[in-house]
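Asks: This is what each chain is made of:
There are 2 protein chains.
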Amino acid sequence: MATLARAEELQSPDKQFTLSVNLTPDGAPTYSLVYKGKPVLKTSQLGLELKNTPSLTNGFVQTSAVRKSIDESWNPVWGEVKTIRNHYNELAVTLTQPATKRVMLVRFRLFDDGLGFRYEFPRQPELGYFVVKEEKTQFALAGDHKAFWLPGDYDTQEYSTVTSNLSQVRGLMKQSVTDNASQHTFSPTGVQTPLMLKRPDGVYINIHEAALIDYSTLSLDLDDQNFILNAHLTPDAEGNKGNLQTPSTSPWRTVIVSDRAGAILESKMVLNLNEPTKYKDTSWIKPVKYVGVWWEMITGKSSWSYTDMENIKLDSIDYSKVKPNGTHAANTAHVKEYIDFAAQHKLDAVLVEGWNTGWEDWFGKHKEYVFDFVTPYPDFDIEELNRYAHAKGVNIIMHHETSGSSRNYERFMEPAYQLMNKYGYNAVKSGYVGDILPLGEYHYGQWMNNHYLYAITEAAKHRIMVNAHEAVRPTGLARTYPNLIGNEAARGTEYEAFGGNNADHTTILPFTRLIGGPMDYTPGIFQTRISAYNPKNTSFVHSTLARQLALYVTMYSPLQMAADLPETYNKFLDAFQFIEDVPVDWDDTHVLEAEPGDYITIARKGKGTGNWFVGSTCDEQGRTSTIKFDFLKPGKKYEATIYADGKGAHYETNPQAYAIRKLTVTSKSKLSQYCAPGGGYAISVVEK
Amino acid sequence: MATLARAEELQSPDKQFTLSVNLTPDGAPTYSLVYKGKPVLKTSQLGLELKNTPSLTNGFVQTSAVRKSIDESWNPVWGEVKTIRNHYNELAVTLTQPATKRVMLVRFRLFDDGLGFRYEFPRQPELGYFVVKEEKTQFALAGDHKAFWLPGDYDTQEYSTVTSNLSQVRGLMKQSVTDNASQHTFSPTGVQTPLMLKRPDGVYINIHEAALIDYSTLSLDLDDQNFILNAHLTPDAEGNKGNLQTPSTSPWRTVIVSDRAGAILESKMVLNLNEPTKYKDTSWIKPVKYVGVWWEMITGKSSWSYTDMENIKLDSIDYSKVKPNGTHAANTAHVKEYIDFAAQHKLDAVLVEGWNTGWEDWFGKHKEYVFDFVTPYPDFDIEELNRYAHAKGVNIIMHHETSGSSRNYERFMEPAYQLMNKYGYNAVKSGYVGDILPLGEYHYGQWMNNHYLYAITEAAKHRIMVNAHEAVRPTGLARTYPNLIGNEAARGTEYEAFGGNNADHTTILPFTRLIGGPMDYTPGIFQTRISAYNPKNTSFVHSTLARQLALYVTMYSPLQMAADLPETYNKFLDAFQFIEDVPVDWDDTHVLEAEPGDYITIARKGKGTGNWFVGSTCDEQGRTSTIKFDFLKPGKKYEATIYADGKGAHYETNPQAYAIRKLTVTSKSKLSQYCAPGGGYAISVVEK
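Residue numbers (UniProt numbering), protein chains in the order written: chain L, 1 to 688; chain W, 1 to 688.
Bound conformation, chain L alone (with noise of 0.2 angstroms):
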């Protein structure tokens, strides 16, 4: 049966990539990557190190090596593009213990622009349950690249981006760390997936997973001494990676490879690794664009809760006895503003957070019974708002905040969904703050994970959207599951209102959390002064305004938030034409510049229509940009209409200054377009 150690090698379809997979002469299996002639991996270990039992991760001997290749396309439900191809060679080899009469698989799929592989673990006699202790998978790489990084953490990715060396990672991990409502850190030199890495040579190189499913979340533990990235997962409150069970697998490890940082950008490899939609109709799903009573209450102009009272028990409490505090943001008569908003600029929603009882005390306590998602305040009449949104063509969003009480939460699943089908919500963000219940487990964890999927199946058979804010970063499971419309699992625009985001935050997101998915990142603050609404908060928005609107096109979202005020908005109204005008669904997209941390310029065309709307992000140094319109079809006249920082523009000192000027393109056209520091720029592009 067994043969002996030999090297496999695949190369992908374009020849640029080669893959080597080895057994060490201990049976210890490997694998190599080179690009373009120069390596990317070096020799890496693979396996996984099992409790109780001996691991997978030497003593194998090679049994098979199966080679196919796949030229094929798909249409995604919602996306950046009307087709995605999906072009890979696959490598499968079966790995047998003789010591323990197991057997592995290790799938590697080897595309144009990069690596993905998995473990499989096939229905066997000797492996059935098992519990991993860690997976030890390593991506070795060729040197002290550049990286973006975010401190590896179990709970959180709401932590500012860091751009240095690997060799600094350890020296900057500690004031890198800032405060999170529920963090664990495990390393000095751990960070988190998707990480964005820059060889000095000038290649770009991607590391993250894709379909993470009845698994836990995969972290990287740097060896900054040998620059090897140490696959790090989540454990349980028993300190175990992951129970298992044959057959299964792991989630897809990607690679996603190039020398155009462009190319990064436009990889459908994480979606691609995912399994095609398991819904049979899908047409319930569709993107969102959306306001929200949400902001005012992340500045603090107003609150979530009905009224100021601490330590209150949901079962005992009588809403219609207490004293409103007179700041509460989610009262009808406000609500219907935001609908009349939404209505009148062809928004298709309106979220509403703080519509229901428990926001005096949901945070930090462990609480468990701390929401329950069917009770609304007594200012809020949910059937009325719900009547006259509808009557005026808009969904209301609803919002669930668990505190990460997941028992809480999923004992009041079921009716929860229920009120939504009998008021018409058809979309609900969620929301996992704080430390999760049961104590012990975390928010990237098996258990946690399993949750977050529990909660989108449960929710499409109630033909509901779902938007979940501090679960798991995505790894493209939106393919599989299309109403998980929307995650946040980074720093978003509410962290403007706690102290800010770097200038260069939305030049890096692209290339970090977004990899995995789409993020509901909530741009379009024009009052960018936060003591505007509430003088007590100093905090700014390191943006300016023409940049808020270059968001809506540079960070990909079916579902697009405009996030500030309509009291804001109605005083730009000739910016906000932008956001009206921006689709949140898109038939093709050109990244026309990129650079991670610098700037990203992106030209997408509108879903069914022949019109493109660019966006340009760029960093606190400001820039001049420079793009083609040859994407535009040859020959066709279009109308361009540029909203461009103003004279004088700043993120910090001049954010409001903004130009909104006209002129007809065709697919000749070259543009030259200055952007302020922390600006940028958005163009509607719209056939004459």
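Simulated from the structure, these hints should not be mistaken for lab results.
The reader is advised that the hints may include incorrect statements.
Identical copies go unnamed one by one, so any copy, or any two together, can satisfy a pair.
As the list claims (entries may be wrong) - Keeping only pairs whose Cα atoms sit at most 30 angstroms apart, straight-line, the calculated DSSO-like set for lysine-lysine is:
(1) 422 with 280
(2) 346 with 174
(3) 461 with 278
(4) 313 with 280
(5) 136 with 313
(6) 536 with 323
Following the hints, put chain W in place on chain L, whose structure we already have.
Replies: Just chain W now, kept in the frame of chain L:
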């Protein structure tokens, strides 16, 4: 505000008990208890150690002491007596901790049968949410008492009771910890409650808890130098002992005391310390006598599972295509035989285990999706069987084995209860065999205690009665939630097929496990040699046949199984007549004689009748029981049918020797009745 520390005294209504409550010079609260002039509990600590905040153990001043007396009666929905008297003097001591501005109250209730006390944490500014590191309650005994104890364990009470002096606990611990499907001992001197003690002077002491709600389960850690029992709570996955929010209370700590053993059995203190039922309509709650498709699997004669596969996944197996193993008991034809038998003998119901898919691979694997609770095996026609049963006036009892996978059960709970409603099931036996998922939580922690109660209250919404096995042992909660009609939480009859119970087991259980509430002990095994059903099984029931009848009286439960197989009962129909006749609900109860570990003889009056039923169980020594019939109505004649051990009967060598005789008795009659070793007798006393 503060007063000086001073002693408070409280007497029981009958003046036999005196409680003293004191503060040490450093403000630590203590209590002591005297019974008939002798100390039951010497000066014993009170308080709780908290996490990350000063403890509630000392630094107190007493700020009030409120007394009241209650003498009232109430009628249980089901029970041993028709009316229960609740008669106590109360002392509520408010303790203030000036340094922290926090208040804790200790409420003592002194009954004629002993003491109950609990901690109360009022709503207050300086104590909202808090984490219990350990409860510091002590029970400082007066010396080295005889104890009937189980090894302290966070997961199981399925141990043989050890009878020894407290000073011998440490030496006996190791051999006393026998294997269990899930177990976690915590100390070489840890023991469980209810703990039964006997002082050298013949005073009996029972320590337990009442109203265990939203709190973790109490065990006792013995200081065997000083004979102090220290409270030891069950931890959560992080090692904490409780997550509390004011206002809240601890469960009651109960100390039942008498110089008559029978008075311990008659005590209703645990019920009195629970709240009246919260249910407005209890008409759907009815005591149940049942047979079941169960013992044949326990003995190994047949199987729960339909096939013999290993390592299966419920979401990918097609049972219609697998090969049946031919030993599956819960098949339609066979269940009908049980239904026929139940109908013929006027039993209320038939329990059917192994009706749902998954039994091939359900145990010990920490498998989350282990059962679905709604999918019958292909050979179990759920609709037809319920139709057939109901047509004969019989109910089928649903079975939900969770395998400890609590989240999976909660996810399926609503559809499972709906399925029961659809087919007319009115009761469910649930099971929690194996380690709790999520791992790190224990059977007896606050997390699972909340789960068990959730299952009960959700069942009540569906008018479903619950009989929970391997759940936490009862603490009188059935008063408040009377659809909790049964519990296991001890070594039941099943262990007679797993090596056997001690012959004195049933002379102890009423003094220990049953103090908290009824047990589904599943008596009635007539074929005491397990090998008769399964030649490979050498176990035998450590009881004579006659004593099996007695247990229907001595082991009070509103839910009583006739656990043996109809084919066996059909061979002993004269003896089975007692099971057919014996009620499962009572208007009155007299303990005629009792000594823990030696014998118990009880007489009970059938609900709404003038008929009495007597049961007597004795240990491996055998004895002659002498009883008076003075509980009968004077002047009335009764026909007594005595089911006694036959000549030469012995639990091991001759268990099936029994003799039935009839005689006429009045309130003046006496009876001297021999009980064989491991034997006993049962008497029906029917009005003429």
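Asks: Is it within, between, both, or neither for residue 313 and residue 280, if the alpha carbons may be no more than 30 angstroms apart?
Replies: between (42 angstroms within a copy, 23 angstroms between copies)
Asks: Checking residue 136 and residue 313: alpha-carbon separation at most 30 angstroms within a copy, between copies, both or neither?
Replies: Between. Shortest inter-copy distance 27 angstroms satisfies the 30 angstroms Cα cut-off; intra-copy 46 angstroms does not.
Asks: Pop the pair residue 422 and residue 280 into one bin, within, between, both or neither, using alpha-carbon distances up to 30 angstroms.
Replies: Classified as both: same-chain Cα gap 23 angstroms, cross-chain 29 angstroms, threshold 30 angstroms.
Asks: Should residue 461 paired with residue 278 be assigned to within, between, both, or neither, using CA atoms and 30 angstroms as the limit?
Replies: This pair counts as within: shortest intra-copy Cα distance 12 angstroms, inter-copy 34 angstroms.
Asks: Can you tell me if residue 346 and residue 174 fall within 30 angstroms by alpha carbon in one copy, between copies, both or neither?
Replies: Result: close neither inside a copy nor across copies, 46 angstroms intra and 74 angstroms inter.
Asks: At most 30 angstroms between alpha carbons: which applies to residue 536 and residue 323, within, between, both or neither?
Replies: Cα proximity of residue 536 and residue 323: one copy only (24 angstroms, versus 72 angstroms across).
The structure shown violates just one earlier hint, number 2.
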